[in-house]
Amino acid sequence: MSPLDGATRSVLDRLVGQAPDWAREEGPRSDAILSSRVRFARNLASLPFPARASKEQDRQVITRLRRAAQSVDNLRAAEYLDLEGLEDLELDVLIERRLASRDLAKGSRKRGVLVASGERITVMVNEEDHFRLTGVLSGLRLGESLDLVNEIDRDLGQALDFAFDPELGFLTACPTNVGTGMRASVLAHLPALVLTRRAKKVIQGVAALGLSVRGYYGEGTEIMGNFFQISNQNTLGKGENEIVSRLDEVVRQILDFESSARDSMWSGARVQLEDKIYRAFGTLRSARTIAADEVVSLASAVRFGIALELPDLCSLRVLNEVLVISQPGHVSRLAGRALGEEDRRQFRAELIRKRLNQPGGEPPAPRPGIGTEGPVTGLEG
Amino acid sequence: MTEPTNPKTETCENCGKNPATVKIRRVTSGEEVEIHLCLACAKERGLEPGLDETGVGVDMVQLMLKNLNEMEGGSGVCDVCGLTYSRFRETGRLGCAHCYRSFAKELKPLIRRIHGEVRHVGKVLDRIGEGSDRQARIRRLNEDLERAIGAEEYERAAAIRDLIQELETAQKELS
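Heads up: the protein sequence lines correspond to chains A and B, in order. All residue numbers in the first sequence are consecutive under the working numbering, ending with 381. All residue numbers in the second sequence are consecutive under the working numbering, ending with 1175.
Rather than coming from a laboratory, the hints here were simulated on the basis of the structure. Glycine included, each C-beta is placed from N, C-alpha and C at the ideal position. Watch out, some of these pointers could steer you wrong.
Unchecked claim - In silico contact screen, one side only, chain B against chain A (beta carbon under 8 Å); selected entries:
#1 G1092
#2 A1097
#3 L1107
#4 L1110
#5 I1114
#6 V1121
#7 G1122
#8 R1147
#9 I1149
#10 R1156
Given these sequences and hints, build the entire structure.
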């Protein structure tokens, strides 16, 4: 193990016990939007893109970024995680926290990620592009996330020779990213649209607007837990602000649809809905063995209940933490060793029980101006 | 977007063998492109719904390249990184920033197809206005350097010193 690996492992150990800041805060509209994320793809003009770079060039890219980061306010205190030499389970932790994409984690070149500001800011190095600058915040805050990335982009751009063409904009390894190099996305929880079978129509409508919608959890084509990622597709021909405000506008429309679907479910099937939610909460709090998939769908039901402001559930923050720490890589890391399937389920159930019964697991104080019971008319907050 | 499609009606457009169970639809400036894949091919290309936010792009490029007949002839080589156009057609990824010039003719229709546009209108890397910024920046870095030395953070001090040198070199080259 190189000393760097040791440093990376100790950072991992520190991170793994709690959720990232974007999952612990409760930003605007976090009843339905978990996070807002903006990433810029950037490359150095003077070196080949990672797929064609030598080991030595990979190393240069990393060195240049780390040196430049010293001069960027938001990156000065960043920690660099060296992915080379990490075990699969450790890489899974990074993927589950979205500190690294699957491609970066499973890659074989010299690569890593700079992490700053409670995981709100990350810079992946040597993925498909030399750099992927990302800002992520809790709730619907695309504009603020863009500001965050703009700031580090501006400062890094002073110290690094970013590949830029006046006609085509920022040059990227894949032509789908050329131009702004920007992908803006929100992670949305839309249970009422799914349950009232309106999700498909909404997704089609969104796709027709040039945006992309994908399921977030789940294998294959299954969309699990009613979590969706909505993002822009095109990166050329529109400015960053325009892309972001367009996405923001569409997301707000979707939230309106979700709210009215929640209203109609509440008035049409209140008891069945409450029953499903409280049973899910009961299972999460009491299960002695539980699979990761099941946690996602139960957490989805509980999340719905919290959004409906039903009493005696946990807070959104705690639920988000449960979602993060119950993923397979996290469970194994928290156990301190690789676990077999059944042991992992048992340990997962134990982690969740502990978290839900810990101080801070209690429901949040009622928000001013909105009752803790009753129909969902107060959803637009 | 990816969504399930009717397995009875389609075969996978990539392998041509398995039933297509994943449909990818992409709309660009009103033009809709739809691609049907089997789950194995979709997964292999990172197209299944999941955590990865980067998968879609490359696959769309590869599939579009397959479908763009006018690009068959491309046989050039990038004189900076040595990437051949046929290699790009296989992988969907360019080799370096210069590839955009080396393959400008071939890339233009592809970029138009992907984005519906061929001209960037977003942020500009402001190399001209950089000069005065750079001086302010060097001043600020010198202050940082002193602070780092005062705090005995020598590794950081060395990094800042390197950066100042780099900026000063760039400054001289410009003036």
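How the hints compare with the structure:
The beta carbon of G1092 of chain B comes within 6 Å of a beta carbon in chain A, closer than 8 Å, and the hint placing it at the interface holds. For A1097 of chain B, the interface hint holds, the least distance from its beta-carbon to any beta-carbon of chain A being 4 Å, beneath 8 Å. A least Cβ separation of about 6 Å between L1107 of chain B and chain A falls short of the 8 Å threshold, and the interface hint therefore holds. Hint status for L1110 of chain B relative to chain A: holds, with the closest Cβ pair at about 6 Å, below 8 Å.
Taking 8 Å as the C-beta contact cut-off toward chain A, the hint placing I1114 of chain B at the interface holds, the least distance being around 6 Å. For V1121 of chain B, the shortest C-beta to C-beta distance to chain A is roughly 5 Å, which falls under 8 Å, so the interface hint holds. For the restraint placing G1122 of chain B at the interface with chain A, the shortest Cβ-Cβ distance is roughly 4 Å, inside the 8 Å limit, so the hint holds. Because the beta carbon of R1147 of chain B sits about 11 Å from the nearest beta carbon in chain A, more than 8 Å, this interface hint is broken.
Taken as an interface hint, I1149 of chain B does not check out: its beta carbon lies about 13 Å from the nearest beta carbon of chain A, beyond 8 Å. At a threshold of 8 Å, the smallest CB-CB gap from R1156 of chain B to chain A is about 6 Å, leaving the interface hint in force.
Hint violations for this structure: numbers 8 and 9, all remaining hints satisfied.
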